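> Start from the sequences, fold in the hints, and give me the full structure.
Protein chains: 4
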Amino acid sequence: MNALYLRKRIVYCKMSNTFGKILRLTTFGESHGNAVGCVVDGCPSGLAISLSDIQKELDRRRPGQSSLTSPRNEADKVQVLCGIFEGKTLGTPIAMVVGNRDQDPSKYMGIKDTPRPGHADYTWRAKYGFVDFRGGGRSSARETVGRVSGGAVAKKLLKKFGVCTVAFAREIGGVECDADFKFRKNIHAVIDSNPARTLDRETSLLMEEVIMEAKSAGDSVGGIIECVTTGVPPGLGEPVFDKLSADIGKAVLSIPAVKGVEFGEGFNMALMLGSEANDEFIVKGKNIITKSNNSGGIQGGISNGMPIVIRVAVKPTASIAKRQNTVNLKTGKKTQIRIEGRHDPCIVPRAVPVVEAMVNLVLADHMLIAGKIPQRL
Amino acid sequence: MNALYLRKRIVYCKMSNTFGKILRLTTFGESHGNAVGCVVDGCPSGLAISLSDIQKELDRRRPGQSSLTSPRNEADKVQVLCGIFEGKTLGTPIAMVVGNRDQDPSKYMGIKDTPRPGHADYTWRAKYGFVDFRGGGRSSARETVGRVSGGAVAKKLLKKFGVCTVAFAREIGGVECDADFKFRKNIHAVIDSNPARTLDRETSLLMEEVIMEAKSAGDSVGGIIECVTTGVPPGLGEPVFDKLSADIGKAVLSIPAVKGVEFGEGFNMALMLGSEANDEFIVKGKNIITKSNNSGGIQGGISNGMPIVIRVAVKPTASIAKRQNTVNLKTGKKTQIRIEGRHDPCIVPRAVPVVEAMVNLVLADHMLIAGKIPQRL
Amino acid sequence: MNALYLRKRIVYCKMSNTFGKILRLTTFGESHGNAVGCVVDGCPSGLAISLSDIQKELDRRRPGQSSLTSPRNEADKVQVLCGIFEGKTLGTPIAMVVGNRDQDPSKYMGIKDTPRPGHADYTWRAKYGFVDFRGGGRSSARETVGRVSGGAVAKKLLKKFGVCTVAFAREIGGVECDADFKFRKNIHAVIDSNPARTLDRETSLLMEEVIMEAKSAGDSVGGIIECVTTGVPPGLGEPVFDKLSADIGKAVLSIPAVKGVEFGEGFNMALMLGSEANDEFIVKGKNIITKSNNSGGIQGGISNGMPIVIRVAVKPTASIAKRQNTVNLKTGKKTQIRIEGRHDPCIVPRAVPVVEAMVNLVLADHMLIAGKIPQRL
Amino acid sequence: MNALYLRKRIVYCKMSNTFGKILRLTTFGESHGNAVGCVVDGCPSGLAISLSDIQKELDRRRPGQSSLTSPRNEADKVQVLCGIFEGKTLGTPIAMVVGNRDQDPSKYMGIKDTPRPGHADYTWRAKYGFVDFRGGGRSSARETVGRVSGGAVAKKLLKKFGVCTVAFAREIGGVECDADFKFRKNIHAVIDSNPARTLDRETSLLMEEVIMEAKSAGDSVGGIIECVTTGVPPGLGEPVFDKLSADIGKAVLSIPAVKGVEFGEGFNMALMLGSEANDEFIVKGKNIITKSNNSGGIQGGISNGMPIVIRVAVKPTASIAKRQNTVNLKTGKKTQIRIEGRHDPCIVPRAVPVVEAMVNLVLADHMLIAGKIPQRL
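Residue numbers (the working numbering), protein chains in the order written: chain U, 6 to 382; chain H, 6 to 382; chain E, 6 to 382; chain L, 6 to 382.
Think of the hints as simulated: they come from the structure by calculation, not from any bench. Certain hints may be false.
If several chains are the same, the list does not tell them apart, and a pair holds so long as it fits within one copy or across any two.
Stated by the list, open to error - Straight line, CA to CA, 25 angstroms or less: simulated SDA-like cross-link-like pairs of lysine to any residue:
| id | residue 1 | residue 2 |
| --- | --- | --- |
| 1 | K335 | I294 |
| 2 | K164 | S21 |
| 3 | K117 | G310 |
| 4 | K164 | N78 |
| 5 | K327 | Q341 |
| 6 | K327 | M114 |
| 7 | K164 | P379 |
| 8 | K61 | F90 |
Predicted model only: the values in this text are computed from it and were never measured.
So, in structure tokens, the structure goes:
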């Protein structure tokens, strides 16, 4: 039945692996192919950047960094093929490649024809017909290696212009971090110093507990990532379709496992009165700022100079050890599946640098569009 | 001080008024200029469409339709300039124009230099310097006339291929509609029959009450719009950056006053276990479907054939009669403002057709990209 | 036979009516519909521009201006719908509309099913199936009304930054204008003062003669348009795919009836030695310029500050009174056709402002991309 | 003087290294960096393709293949990083890399500050400020390695749908090949069997003679490449800005050293009468074709099913051994230059596969846009 079924539903489609307008990221590579990587196009010439600026970010997303993450052991050493000369960008495309090493495709042979619930197996197959089933192929979160490499370039560029993005786990498996976010110089180090990547050690311990509990039960948990950017000048964003909020929203919604995004008070705003929600303007020194920041730094789709605040909903990892019902695509009969592989019981800590990367890519692009970053440094 | 301030913060920027890849919508027009309108490019040739197909949708968004909406009296009669011949589309651009009639710019003279809290006045001015301050110019929600006109073409096109989108007020001012959404043939008529545009008359009455209460207090309320699309084939969406969720997310986040979006169980997913969140596959007749629809019809960024379910957070109308603090941009001194104009105390009911329009535009575009709708009917 | 034939060859396709990256022109309208026009998006805010700046350019391309042009009598009065406020651009889309008045579709009924040789009738029909056959519909040169309107905005913008484009008839029907082009302040007036739009009155008389001769014979002639732009700063053009020459080339090749384009010495370069072709660098005052300008102001795809020189081959008008062989698409049998309508025996003089418009649009766009024109004036 | 000069002329600019709409090619890499290469995005899934399909094309453009070409010895072995699985494309990005081996940057140290006449040295420097001066960096023709790799994928795809592109030297250094082009099965082999890549051995000998003569004189020659594509279905091309001729024109004008392009009779058309130029329609078997093909297979910007014929003007190689005048950018004083390096005395034979690659990329893209090639094979 099902072969027929799939044929009937054949959907012809292109996929688009490029993101951005002036600063453009193209990612490539399957989970179990030779390599994954990216090409960053449109970075201004003359930006000082070192290999370790990029490697540092990849180390934050790589598997095997703590007990909370997948034991797949990938050093994820990045190689830069071009676009950087004598330690500075040339303005030409920067191609970066990371080899795939610790592959174990055997785990995937058994589930070749049984789509994993919550995964892209079924939809990907419905779309392409011919797929690299090993480890999800290109639908694997391993694709985000390219995003993080490209994001590292954007981060370095933004830093030069005083813009800094920090993401952290606001909530994991129902455990909420209730500390107020405060921007500090070492804030990245603080967050990276705990395995859950939250604001404080105590909350991290509680989060680790729910994660390990889910893991022992062959299950997984999700959470909420908060991301704050300071130093954004007013005037970024194009006021109709390419609002700054719309572009950031698209960027984070394109990250695997993300199911929602909100800006400032977001969904809470639906419960507020206009007189509560409106951010009043005040004078502070020589600047006009707003007293509150319910709008999360974006009004009418354009940045107003206040910190940009977003929250991102991350679903629990789809790959779980528990037995689940599914259907065999070849026979069309129902069956059950237990996913072995090596998976993260909670993807939130490793998704933190990915959210930062995507937000930085959008902001650097809009800084370039707005002429706040020149094309030649 | 402030002239200097604004100069220092000058941000050069382009604005992009075009949306979509194959089916492309360009909107134009200021709130108090000669006209607003749009150009729809990329619609297949041979689609039967009448003027009333378009006018009907505009009537759903026009002001003055109920006591809940702004009393600005605009008939909003649309004129089609080209692209339709003998009742059918030519495949060429369809240009549509709606004149602005009931303009009252006098109300805006007094607030020319005092940005309204919660509005785009300040950010728009920071960006462009020279602005049409009358009624918000192009940052006015009047710009959505073009979106709804274009969305009407997308709706007609999708209808031919069995795809139907229905939005409604899920929550207004804290009043939630707790009825389950069920798709019925007359569902649009049911929703349009109550002023709040929710699922039942009783809830509408409660919603109207909180809206009118806020209005009498010179205040406003927000809410949540839910939008469900049935008949979407599996395989829409491009799996990396242009995920169907990412594209729909961007589309609705570009609507004025929207501060968040979620898909399926959305932010709730952050609290679920993987075993609860995953949608198991089952066989139903000749199709493979999922038992639950927590993912809202999109997995790995690609549609799976289940209904697409999104929820959109709408903030309370920024224009309120209550006195608010702000700053005079010319003097740089603090001042107060009371907004007169004619405003909706709650924008949710009129935003319902706008959400439908944007979702329909994205889906029609992806149907065309995927080859599910041919370029010639 | 042929109905079958057409069906078999069905080609699904989108058409793209938008041009440019930052400064973007969308044109719309059929030859015999209600109106033709355009939307210009991405023009900086604060540019002073009047209706007559636009009308003046349209007057140069309108029919009926001399004995050499089609007698179709169109005043071509342009109406601006939005985007200009108190005589200055807002940075928002500028929508412009020109009504179609002197339509005479009766002439086209007889040739509905017999494609005119040299015309787009056959290919357009093969592509779209359903077409507005009256006067070529959208394949008519009347579409260039939108290009010239948009080009007028680009021209005004470039003028502010010292860039000036001048096109003229270099050759018509074998009569060549052998005068050297010299840039003068009144050069546009000189060229517009003769019906052939060439550099001097004497050549114009000879050109008029061959045109009128062809006309009396029920025939038509073509020619070559030369276009020179001065004041272009070095550094425009993106060095790989979006070379300045590639973008200008695409722009002029998109004009109806254009069959070739060359830059500087162009095809002559194929006959030169490297030592003859290379433009040597010399110092002139404080600038580095080249001694010769064989490369036409573009090297490696990037402008070098010398005048940009192109030549464009225009084919003879396809619509001729002479009897021609063709095929009836309905019967599939051969037949003959005599085209009545009202046609230009030579399109070159009216194509001159269209070439200028397209070159100006590309240059203004690249000036914006390169940051040589800010987004806010 | 000149440091100042360059600063004054600073031009901020992005470069765009991506080409195409659905089938998209991104190239990367400098002449003397680690590697050059490309990413091909948007190729349908399921296309059978081998490494040798790609290598074969690279072998046709690599240096050192005959006495006519540069002695730089690059094996140009291509490595495929991803996107192909078990000999078939996955529909995911195909990343291809070619290492740079035989580099000799020493030759370039002496001319670091003296722009070579006819080269991109000066314009590139005016644009980017910081450049990889070794071997032209990214302005080097070595960038075309990526184009030819990507073109090989397009060629394979087109072959499956009966479309075949053949380019050859129509003229070199004034020696014209006057044979009519006839499509034959082994036509590629015939053309590749002579060093000049022309239609017959005798003409090749004459061409080799003028090339070697120029070489001994420390000079270079240019030529004209003709390119013919058969099997193109009617209906490709979008009728306003993205005409098939406009897109092909842009593609070939983006190739280094190209200064002109014409379609069908091209510039000759300027000398013809309408009655001579128009291609009459005739019935042939079950098809409608044109009797002549003056329009080169494209009418109104859309393919008509006849062979697509273009001619491309290639200037003589800019790098010549003869002493030339130039200016030292550091001192601002005039100086002389003799270019050593290893250069082709005529680039035409090696440019032949590059022209084919670009034409194939455009045609495959338009076949995909038009739905003539599905997204899943």
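> Please go over all the hints and tell whether each is borne out by the structure.
A quick look at each hint next to the structure:
| no. | hint | verdict |
| --- | --- | --- |
| 1 | K335 <-> I294 | between (61 angstroms within a copy, 15 angstroms between copies) |
| 2 | K164 <-> S21 | between (29 angstroms within a copy, 24 angstroms between copies) |
| 3 | K117 <-> G310 | between (50 angstroms within a copy, 21 angstroms between copies) |
| 4 | K164 <-> N78 | neither (31 angstroms within a copy, 42 angstroms between copies) |
| 5 | K327 <-> Q341 | within (10 angstroms within a copy, 61 angstroms between copies) |
| 6 | K327 <-> M114 | within (18 angstroms within a copy, 65 angstroms between copies) |
| 7 | K164 <-> P379 | both (14 angstroms within a copy, 24 angstroms between copies) |
| 8 | K61 <-> F90 | within (20 angstroms within a copy, 31 angstroms between copies) |
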